[in-house]
Amino acid sequence: MPDEPQSARVVEYLIVRKYDGDPPTTGEDKAPVETLVFDQRDPRDKGEGPCPSHDSGLVR
Amino acid sequence: MPITRFGVGALASLATGATTIKAYCSTGATMVVGQSTAAHSAASCYLTTPCTLGLSTMTSATLGSIVTGTTAGTAITFVATFTACQANSCWGEWGIYNATASGTDGYLLNRLPDFIGVKTCAQSWALTAVVTLST
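Going down the list, the sequences are from chains G and V. Under the working numbering, think of the first position of the first sequence as 1, with each following residue one higher. Under the working numbering, think of the first position of the second sequence as 1, with each following residue one higher.
FYI, nobody ran anything at the bench for these hints, they're computed from the structure. Don't take each hint at face value.
[Unchecked claim] Not everything, but these chain G residues come out facing chain V in the computed CB check (under 7 Å):
| id | residue |
| --- | --- |
| 1 | V10 |
| 2 | E12 |
| 3 | Y13 |
| 4 | V16 |
| 5 | K18 |
| 6 | Y19 |
| 7 | A31 |
| 8 | V37 |
| 9 | F38 |
Note that the coordinates shown come from a computational prediction; the quantities given were computed from them, not determined experimentally. For glycine and all other residues, C-beta sits at the position ideal for the given N, C-alpha and C.
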């Protein structure tokens, strides 16, 4: 079977760190009270699934 | 995934050297949040229901190494923090916007509807978004 044609797409994941009060300043060690991860990636994007038929297509 | 038409146009313009389009970088971009979890429409050009004070200037925007030619090298990490006085409402959508926090002349790169939570003035929320242009 021929390779599927490639098309560009965008995948995202978002990490939300919630702090009581103000966010930590530079160098301050303040732990978030909650951390959420919204992961929109499919297994292939996480490196867990079958490899794509091509690499990213970048030509060097 | 929900890259907007305006986002595609902005990337194409930047790729061809347009100087009238701001880059999605720490000196000219924001992260934006809104309340709507409505499904993304191809015609969407901005958030459906932006939060009041729902723009926060990017503190960093970094690109992974592209020399390997792998998809990992195209991951862009955006970081922004919403302070206690910003965007205190339900969060149901977010995106990357190439305008300053006071500007309205940008193009939304992506819009991702997903219920994140309800922010109050008792907290500040720091966002780290990783956006990958992939094949």
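Structure-based check of each hint:
1. V10: It holds, given that the least Cβ distance between V10 of chain G and chain V is near 4 Å, below 7 Å.
2. E12: Holds - the Cβ of E12 of chain G comes within 7 Å of chain V, reaching about 5 Å at its closest.
3. Y13: Given a least distance of 5 Å, the restraint on Y13 of chain G holds.
4. V16: 6 Å, holds
5. K18: 5 Å, holds
6. Y19: Check passed: Cβ of Y19 of chain G comes within 5 Å of chain V, closer than 7 Å.
7. A31: 12 Å, violated
8. V37: 10 Å, violated
9. F38: 5 Å, holds
Of the numbered hints stated above, those contradicted by the structure are hints 7, 8, listed in ascending order.
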